[in-house]
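Asker: Here are the chains, one letter per residue:
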Amino acid sequence: MDQGFFLLFATVSVITALTVVLARNPVHSALALMACFLQISAIFVLLGAPLLAVIQVFVYVGAIMVLFLFVIMMIDVREAVLQRFMPGGNLPALVLVVLLGVEMLVLVLSSARFSVTEPIARPSGDEIRQLSTTLFADYLLPFETASVILLAALVGAIMLARKEPG
Amino acid sequence: MVPLSWYIVLAVVLFVIGAAGVLLRRNILVVLMSLELLLNSVNINFIAFGRTYDDFRGQIFAIFVIAITAAEVAVALGILVALVRNKSTLKVDDVTMMKG
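From first to last, the protein sequence lines are chains H and U.
The first sequence lines up with residues 1 to 166 when you count with this note's numbering.
The second sequence lines up with residues 1001 to 1100 when you count with this note's numbering.
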């Protein structure tokens, strides 16, 4: 049952990820990326992380993709639409990517450490409470740092995107 | 139950697709989207390992990755808007103002 759902979500997410990379129109890429994020959030649910799934939907699908679509709307994508890949000279990059993929797959599939199945059944139902306790007690400083980084990014994005005076 | 290696293989496949998008596409918007794909595959790894070893820190790291990604996208799209306003191009190869 779980495996069937995993295979379904994984297949759709890989197909949509390929669409992101191969589509000519950036709008199509953005919509495929949105579908891919939804599949990945479903995989998070399968992994027993419902909080992460909700955050994924809110932040990625709700915020980041809307940002992308707004920027696509603001700028004229028409002249950049024409090309799918660079006409030539991308052979080294292609070889590098294929090598990377083969290497990682061989490493994962040949190693015995990754063949473990699921752990023993999780007991309690208040995992989110434990997660947030850990987050706000042990990881308080990184949390505050992340909020400062978000504030800096907010100010920086506004400063970069506004028109120069004069 | 789904074995851990399936999640890792899925993350590897998504990572390779994202890396291909970053390296092979010339459109800056698509490069940024592929970057998001890379970070998401890393998140899958974090959560899968955290679940396998029954540790919350995987999920906490994933939360931080998502937060930093949001900041990164905001700044990158701000730079992109400024770039298009000044130079009116969306190709990575045309951006050589810093002679890199």
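Hints are computed from structural coordinates only; laboratory data are not their basis.
Think of the CB as a built atom: it goes at the ideal place given N, C-alpha and C, for glycine as much as any other residue.
Where hints are given, some of them may not hold.
Just a few of them, taken from the derived set where beta-carbon distance is under 7 angstroms, the chain U residues facing chain H [claimed, not checked]:
# : residue
1 : 1016
2 : 1029
3 : 1031
4 : 1035
5 : 1074
6 : 1078
Asker: Now tell me if each hint is right for this structure.
Answerer: Going down the list of hints, with the structure as the test:
Because the smallest distance between the Cβ of residue 1016 of chain U and any Cβ of chain H comes to about 4 angstroms, under 7 angstroms, the interface hint for this residue holds. For residue 1029 of chain U, the suggested interface contact is upheld, since its CB lies about 5 angstroms from the closest CB of chain H, less than 7 angstroms. The interface hint given for residue 1031 of chain U is broken, as the beta carbon of that residue sits about 10 angstroms from the closest beta carbon of chain H, more than 7 angstroms. The interface hint given for residue 1035 of chain U is violated, since its Cβ lies 11 angstroms from the closest Cβ of chain H, which is over the 7 angstroms cut-off.
The interface hint given for residue 1074 of chain U holds, since its Cβ lies 4 angstroms from the closest Cβ of chain H, which is under the 7 angstroms cut-off. With 7 angstroms as the threshold, the beta carbon of residue 1078 of chain U comes within range of chain H, its nearest partner Cβ sitting at about 4 angstroms, so the hint holds.
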